[in-house]
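Number of protein chains: 2
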Amino acid sequence: MANSCCCYHLSHKLRSSISSLRNLPLTSSPFTRRRLKFPVSPSRRTHTLSAANHVHRCGFTWDDVFKLAETQQNDSSDLQGFFEKVKLCNRNSEMQCEFIPFVLEKRIVGYVHNRFADHLRGSEDVFIFPDDTSYGGNFGCYITLHPMIRTIEDRTRAVEDVIKCLGEELIPGIRNELYPVTSSFGMPEFFSLERAAAPYFGIKAYGVHMNGYVERDGQKYLWIGKRSEVKPTYPGMLDHLVAGGMPHGISCGENLVKECEEEAGIPRSISSGATAVGAVSYMDIDGYRFKRDVLFCYDLKLPEGFIPKNEDGEVESFKLVPVTHVANIIRRTQFFKANCNLVIIDFLFRHGYIKPEDLGYLELLQSLRSGDCS
Amino acid sequence: MANSCCCYHLSHKLRSSISSLRNLPLTSSPFTRRRLKFPVSPSRRTHTLSAANHVHRCGFTWDDVFKLAETQQNDSSDLQGFFEKVKLCNRNSEMQCEFIPFVLEKRIVGYVHNRFADHLRGSEDVFIFPDDTSYGGNFGCYITLHPMIRTIEDRTRAVEDVIKCLGEELIPGIRNELYPVTSSFGMPEFFSLERAAAPYFGIKAYGVHMNGYVERDGQKYLWIGKRSEVKPTYPGMLDHLVAGGMPHGISCGENLVKECEEEAGIPRSISSGATAVGAVSYMDIDGYRFKRDVLFCYDLKLPEGFIPKNEDGEVESFKLVPVTHVANIIRRTQFFKANCNLVIIDFLFRHGYIKPEDLGYLELLQSLRSGDCS
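If you read the sequences in order, they're chains A and B.
Note that full-length UniProt numbering numbers the first sequence so that position 159 is 159, with each residue one more than the last.
Note that full-length UniProt numbering numbers the second sequence so that position 252 is 252, with each residue one more than the last.
For the record, the hints were derived by calculation from the structure and aren't laboratory data.
Everything numeric in this text was worked out from a predicted model, so none of it was measured.
Cβ coordinates follow ideal geometry from the N, Cα and C atoms, glycine included.
Worth double-checking, as some hints may not be accurate.
Stated by the list, open to error - Cβ pair distances, simulated, as ranges:
#1 I250/A with N74/B: 15 to 25 angstroms
#2 Q72/B with E357/A: 41 to 51 angstroms
#3 N114/A with Q72/B: 50 to 60 angstroms
One chain only, chain A, in its complex shape:
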């Protein structure tokens, strides 16, 4: 009941926003350059984006999603909204100069912000800072682990202890889930690191994301999840049917089957038919956090009658949405968890929803792998 009220209230607000903001001028944005290159009508853009930003700030319901997705607008070949979503995953690249390379066995495995590094200097039995510029950076040194800590297990434990000492204030959201630290995918593991700490060490992180779709009368529909409002990360936002980080010691394919079961109740008999279709990558700097993520993308064509069922309480509900409407949600709103946008834009490319005739086609395609895709 409370939910329905909230839904009505927001929908009403949304309608007011749309009508009152229809003719206001564009506000400044970091995308001014691109906007000039791919001009669109200011009044149309203001109407959709402002309404979307409004509901984004206040939370949103499926009702809001469908309203924005179904509105008829002549923007099906306008890639600007997609460029903006790619940009959202690749912020502040100019800040890379503030990071110190994190090196193990002569390979760069991450980057640590110079001011975050100050917190590690107290643990000189774990982290050391040799004066050496051969790995780049502006601080005349790199960071590495003390040479006396040699085995994977010892490194894992030593770094874990330091992270615990730094505490939740510096590294929030510790979840006791370990990520393998490597120089690139498939290479030997140097040690394992708490998932929440990975961006503070600029470790490469890998994940699997799956587009679950249905084909009906020649039209494609994507199953979209809405994250639980009580999830600590990205509560209430739209998400893929299935997605998850790559933990230690499991292949991408096996991890996907596991996540399919947990997140959407898809049995192995169906999920084993998922197709690996490529990968996207991004590089995002946010304060001390340096995300260098690679997402392996999968497509799974589901039987028409299949209804996903979340098993781990992380998803509030699923809806089956026409792909053209999903494209509208991405270009017009920030409702999706940011990195899902990249994987769905990749889907739009591979399934012909974005065409070479759309201005910016090649630039957008290239931008889907802006991070170090290795």
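With chain A's structure known, arrange chain B on it following the hints.
The following block gives chain B in isolation, referenced to the frame of chain A:
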């Protein structure tokens, strides 16, 4: 009759090559580094590649193709043969320092080899060489057109005259087909240039390539063409069902429909169902020639009963080949026209024939867009 003799002769030679070369050691190759990284059995590699190279030098028949494709080998997750084909399209990048930027209206539109440029210096009413290093390069200047030649038509005619004067010896294969000269795709045209001359000016060239496939009992098959033995370029080699350069004044989609009709007799009613699925790019230096190509990739799922029919005499015959066998042809031979390999490897990625579990997955994926994809 002559053809059958030749076919028998080559098949016989192939069998001899395979048996006589089975246990010879590997010869040196430019791929030594990668070979060390992704080791495969030397004896197996020698057998397949040497036989393939042999028939490549002497020409080959469909019979040879099928023999090599169908041989059982445990190489389905070995990406080395694919890396080699990407490398074939991206040769000599270290020679870029020998080229002078070709600039129009303050944008780099191409690169001209410094010794080829000497031939242009005689035409000082068309080509000039301002002393200015702001566009890079090692020669203290860039190349541009004389400022008195202002319109697209005048530029096209003036450059055409110079090319004619240089003659077939310097620029062979002139075919009176014009390519638009732009700084990137979709940008305004500066002038039009004879297609055969494009690599001598390092102009970006665009094309469309289509994977025509059939699905039967859950298995996918690709229609593969074998180029006519009398074609001036890449005679007798394997090719896509449909592919063509992008001429002036036509969209990718329309060009594809046109090429479908001419090259494979596919009517618009079928070809209009082709799906744009992305693009690949490469950058290849070969003497004075600097290719900077972008290929827009399409998939077309054909009806099972459809038989392609070449209408322009450029294709000798078509065969329907299981995708797994096409993958073997690519990894084990150089039978395909080099750039087709990239487009088919992209197909293998998108359709799940190459998997994240295969060592080198991300590196290979990234390498498919090694050129300036813009």
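Kindly indicate which numbered hints from before are broken by the structure, ordering the numbers from low to high.
No numbers; nothing is violated.
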